[in-house]
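In this note's numbering, the protein residues as written are 1 to 65.
Hints listed in this document are in silico derivations from the structure and should not be mistaken for laboratory results. Predicted model only: the values in this text are computed from it and were never measured. C-beta: ideal position from N, C-alpha, C; glycine also. Check before you lean on any hint, since a few could be wrong.
Have a look at the derived ranges for each label pair, beta carbon to beta carbon [unchecked claim]:
1. Q61 <-> L36: 24 to 32 Å
2. G59 <-> V29: 48 to 56 Å
3. D44 <-> A16: 36 to 44 Å
4. N37 <-> S5: 38 to 46 Å
5. S54 <-> G15: 50 to 58 Å
6. G30 <-> S54: 25 to 33 Å
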Amino acid sequence: MPKTSTPLPQRLVHGAALIAQLALVGLLVGLACWPLNLIDHWQDLLLQRLPLFSGTSWGAQQLLL
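Construct the entire structure; sequences and hints are all you get.
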(Lines of atoms letter the chains of each structure in order from A and count residues from 1; the text may use other names and numbers.)
(Lines give C-alpha, C1' and ligand atoms only; values in the text may rest on other atoms or scores of the structure.)
Protein backbone atom coordinates (compact mmCIF):
# COMPACT_ATOMS: atom_id res chain seq x y z
CA MET A 1 0.00 0.00 0.00
CA PRO A 2 1.56 3.36 -0.99
CA LYS A 3 2.22 5.95 1.65
CA THR A 4 -0.07 8.96 1.13
CA SER A 5 1.04 11.20 3.98
CA THR A 6 4.25 13.21 3.95
CA PRO A 7 6.93 12.53 6.55
CA LEU A 8 6.95 14.61 9.72
CA PRO A 9 10.23 16.51 9.05
CA GLN A 10 9.00 17.57 5.61
CA ARG A 11 5.70 18.80 7.09
CA LEU A 12 7.59 20.76 9.77
CA VAL A 13 9.79 22.43 7.16
CA HIS A 14 6.74 23.26 5.04
CA GLY A 15 4.90 24.65 8.08
CA ALA A 16 7.91 26.76 9.08
CA ALA A 17 8.13 28.14 5.54
CA LEU A 18 4.45 29.11 5.63
CA ILE A 19 4.89 30.85 8.99
CA ALA A 20 7.92 32.74 7.66
CA GLN A 21 5.94 33.86 4.60
CA LEU A 22 3.07 35.01 6.79
CA ALA A 23 5.45 36.97 9.02
CA LEU A 24 7.03 38.59 5.96
CA VAL A 25 3.62 39.64 4.60
CA GLY A 26 2.73 41.08 8.01
CA LEU A 27 5.98 43.04 8.09
CA LEU A 28 5.40 44.42 4.59
CA VAL A 29 1.84 45.49 5.46
CA GLY A 30 3.10 47.16 8.63
CA LEU A 31 5.78 49.04 6.71
CA ALA A 32 3.25 50.12 4.08
CA CYS A 33 0.88 51.47 6.75
CA TRP A 34 3.56 53.29 8.76
CA PRO A 35 3.58 56.52 6.67
CA LEU A 36 -0.22 56.61 6.81
CA ASN A 37 -0.08 56.36 10.60
CA LEU A 38 2.34 59.31 10.69
CA ILE A 39 -0.01 61.39 8.53
CA ASP A 40 -2.91 60.46 10.81
CA HIS A 41 -0.90 61.59 13.85
CA TRP A 42 -0.05 64.93 12.21
CA GLN A 43 -3.69 65.44 11.27
CA ASP A 44 -4.70 64.78 14.88
CA LEU A 45 -2.19 67.37 16.10
CA LEU A 46 -3.64 69.94 13.67
CA LEU A 47 -7.23 69.17 14.66
CA GLN A 48 -6.39 69.74 18.33
CA ARG A 49 -5.57 73.36 17.44
CA LEU A 50 -9.10 74.02 16.13
CA PRO A 51 -11.60 75.51 18.61
CA LEU A 52 -14.13 72.71 18.10
CA PHE A 53 -11.63 70.13 19.39
CA SER A 54 -9.67 72.24 21.90
CA GLY A 55 -12.52 74.20 23.51
CA THR A 56 -10.92 77.61 22.86
CA SER A 57 -12.15 80.59 20.87
CA TRP A 58 -11.24 81.35 17.27
CA GLY A 59 -7.99 83.25 16.81
CA ALA A 60 -5.74 84.22 13.93
CA GLN A 61 -3.83 80.93 14.06
CA GLN A 62 -7.03 78.85 13.92
CA LEU A 63 -8.39 80.92 11.03
CA LEU A 64 -5.20 80.30 9.05
CA LEU A 65 -5.57 76.55 9.49
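Consistency of the hints with the structure:
1. Q61 <-> L36: 24 to 32 Å: Cβ of Q61 to Cβ of L36: about 26 Å, so the range 24 to 32 Å holds.
2. G59 <-> V29: 48 to 56 Å: The hinted range 48 to 56 Å is violated for G59 and V29, with Cβ atoms some 41 Å apart.
3. D44 <-> A16: 36 to 44 Å: For A16 against D44, whose Cβ atoms are near 40 Å apart, the range 36 to 44 Å holds.
4. N37 <-> S5: 38 to 46 Å: Roughly 45 Å apart at Cβ, these two residues keep to the hinted range, so it holds.
5. S54 <-> G15: 50 to 58 Å: holds (52 Å)
6. G30 <-> S54: 25 to 33 Å: holds (32 Å)
Checked against the numbered hints given earlier, this structure breaks only hint 2.
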